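Listed below, chain by chain, are the residues.
Protein chains: 2
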Amino acid sequence: MPQLRKDPVTKRWVIINLEKSRGPKDFQLPNPVHSADNCPFCPGKETLTPPEVMSYREKDTLPNQPGWQIRVIPNKFPALQIEGDLDRTGIGLYDMMNGVGAHEVIIETPNHKCGAAGYTVPQMTTIVNTYCDRYRDLKRDRRFRYILIFKNNGQAAGASLDHPHSQLIATPIIPKRVMEEIEGARQYYYYKERCVFCDIIRQELSAGERIIHENENFVAFAPFASRFPFETCIAPKDHKASFGAIEESEIEGLADILCATLNRLVKTLNDPPFNYIIHTSPCDENCGEYYHWHLEIMPRLTKVAGFEWGSGFYVNPTPPELATSFLLQNSP
Amino acid sequence: MPQLRKDPVTKRWVIINLEKSRGPKDFQLPNPVHSADNCPFCPGKETLTPPEVMSYREKDTLPNQPGWQIRVIPNKFPALQIEGDLDRTGIGLYDMMNGVGAHEVIIETPNHKCGAAGYTVPQMTTIVNTYCDRYRDLKRDRRFRYILIFKNNGQAAGASLDHPHSQLIATPIIPKRVMEEIEGARQYYYYKERCVFCDIIRQELSAGERIIHENENFVAFAPFASRFPFETCIAPKDHKASFGAIEESEIEGLADILCATLNRLVKTLNDPPFNYIIHTSPCDENCGEYYHWHLEIMPRLTKVAGFEWGSGFYVNPTPPELATSFLLQNSP
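Protein chains in written order, with my numbering: chain R, 16 to 347; chain V, 16 to 347.
Derived from the structure by calculation, the hints contain no laboratory data.
This structure is a prediction, so every number in the text was calculated from the model and none was measured.
Do not take every clue at face value.
Repeated chains share a single entry, so a pair holds when one copy, or any two copies, can fit it.
[Stated by the list, open to error] Capping the alpha-carbon separation at 27 Å, the derived lysine-lysine pairs in DSS-like fashion look like this:
# : residue 1 : residue 2
1 : Lys191    : Lys207
2 : Lys318    : Lys282
3 : Lys252    : Lys26
4 : Lys282    : Lys40
5 : Lys40     : Lys128
6 : Lys60     : Lys252
7 : Lys40     : Lys318
Chain R extracted, bound-state conformation:
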């Protein structure tokens, strides 16, 4: 069972892997290469993964066999484990608990070589639908306080397999970064009685200089204080705290803007490594008035070094207005 440990100064939680620990030699190995021939996420290799949690698949095909468009499986090397109780304990001034949680992999397509810009809007719609299905299902487990959906694309962004996939981690605590956003939004709301994200969206749409894409329900823009070159935020225009509350009629709009934004990024930056992350409200937090879910895309073009780690203060060599103008030179 992994262990959760809390830093007594910053109150940051860390997952410590006690069972499959890595020693000095493990960090000196090159990453294993998975070609389409030995990829455990490719059709025909279903037995190499844990049994599927769900799939979108052709009629009359069986679970854990080919015929799927999307396949959700438990992570074979989970950061957190689904069974067990939290068992909170202390050692002197330190706090810890069992690493209980869920860690799933969403295999987005049977096509090993489909890049981030390779999806049609209907395909992306099925991916977004899968995110929703898993989010809503796991939200019912009362041990979980937060559900994080994210994608690591490319080795430099932390992906260990090339086959296109996203991940979902359900955690027994509300992560620190999420609490910071919620607290910032709460303070703004108490002062202004308006949602800070709604105000940002209004101001961005009116200024126009950082807008990357827009459709009926969503807007993609480069944040005013972008930490990274070509950082992009996709947000619903209507105020809504939880990703899980997205309506049937909005899902295609999210798929459309995600396709358009990723296509522009891939063309402008020649298929860059990137992460995207859905920021949503915690499962049980009452922040519906002031929090506003959104999706953050971070191309990984620069290295985070000592200054950033020590200060939480970022240096961005590409002003977001300039990034926007480059992105708009390419078709969506």
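We have chain R already, so just place chain V on it with the hints.
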């Protein structure tokens, strides 16, 4: 002039480079290689850098000429600029100010090939003395609220030049990460009336299982909730909030434990990329009772991916007790 912009939700400041901005093509170039032949930090190449701020050098040698052991120069491509006023302004709900600050490079040795484990204790003592000299000098400039001293070692840790060097950045605001530590320490103090760092040091010394090195004035240990494999914290045993308050008699002790710890890391992990950062109290903050300066060393062995960025929640595959036992197998 660089621009400081504040994120309206998280209140995180970002430095945006408006003058030497980087477009898509700039991210596709390989890093230039600087061998000892064309290294601007090597002796004989002093004219390739801005004029030195100070140096430790042989008697009867002139500034900006060979004969130095340590040389401090303004960064040729500074993240912040020394001249000018802050000029705080707003645009709608956004806040910004001019990027006023100091950005210096401490060239630690004339020897291009001296690795992180290549220093004698007297050499490291001169490096620590230089950190103190520059810290105390810049602290007198009332525009600066924080002084961050750090080292990026190796390209994967963000170093753009191989020649051994550290950096110093003085900022006009107190960085977010620093405020978080101070706030955490303050809360603990109000509850316990003791410094949380003093309590951690006491508990670590008594438990022993995460102690990497110890001398009269300092202790090096693997933090209980280490975010990264082989993360190490060096702290003074006596309570002191500001690095600038280090006493003459303690400087050699810091040099000794820094040498010993880096030597163990380099031997155990085969010369890993790493960052180290001095965490100290802000210039004008009255946190003497509850803050405690320390130095954080972070080997860069794992990639930070979507989960960590989205949550501030880290997964560490190497328990700190295991890291300690590996480090202790090598001589200091």
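Do the hints match the structure? See the list:
For a Cα distance limit of 27 Å, the shortest separation of Lys191 from Lys207 qualifies both inside one copy, at 24 Å, and across copies, at 23 Å. In this assembly of identical chains, Lys318 and Lys282 lie within 27 Å of each other by CA distance both inside one copy and across copies; the values are 21 Å within and 25 Å between. Proximity of Lys252 to Lys26 under the C-alpha cut-off of 27 Å is restricted to the inter-copy arrangement: shortest distance 22 Å between copies versus 33 Å within a copy. For the homomeric pair Lys282 and Lys40, the shortest alpha-carbon distance between copies (12 Å) is at most 27 Å, but the shortest distance inside one copy (38 Å) is not.
Proximity of Lys40 to Lys128 under the C-alpha cut-off of 27 Å is restricted to the inter-copy arrangement: shortest distance 25 Å between copies versus 31 Å within a copy. Neither within a single protomer nor between protomers do Lys60 and Lys252 lie at most 27 Å apart by alpha-carbon distance, with minima of 41 Å and 56 Å respectively. Proximity of Lys40 to Lys318 under the C-alpha cut-off of 27 Å is found in both arrangements, the shortest distances being 24 Å within a copy and 16 Å between copies.
Comparing the model with each earlier hint shows a violation of hint 6 alone; every other hint is respected.
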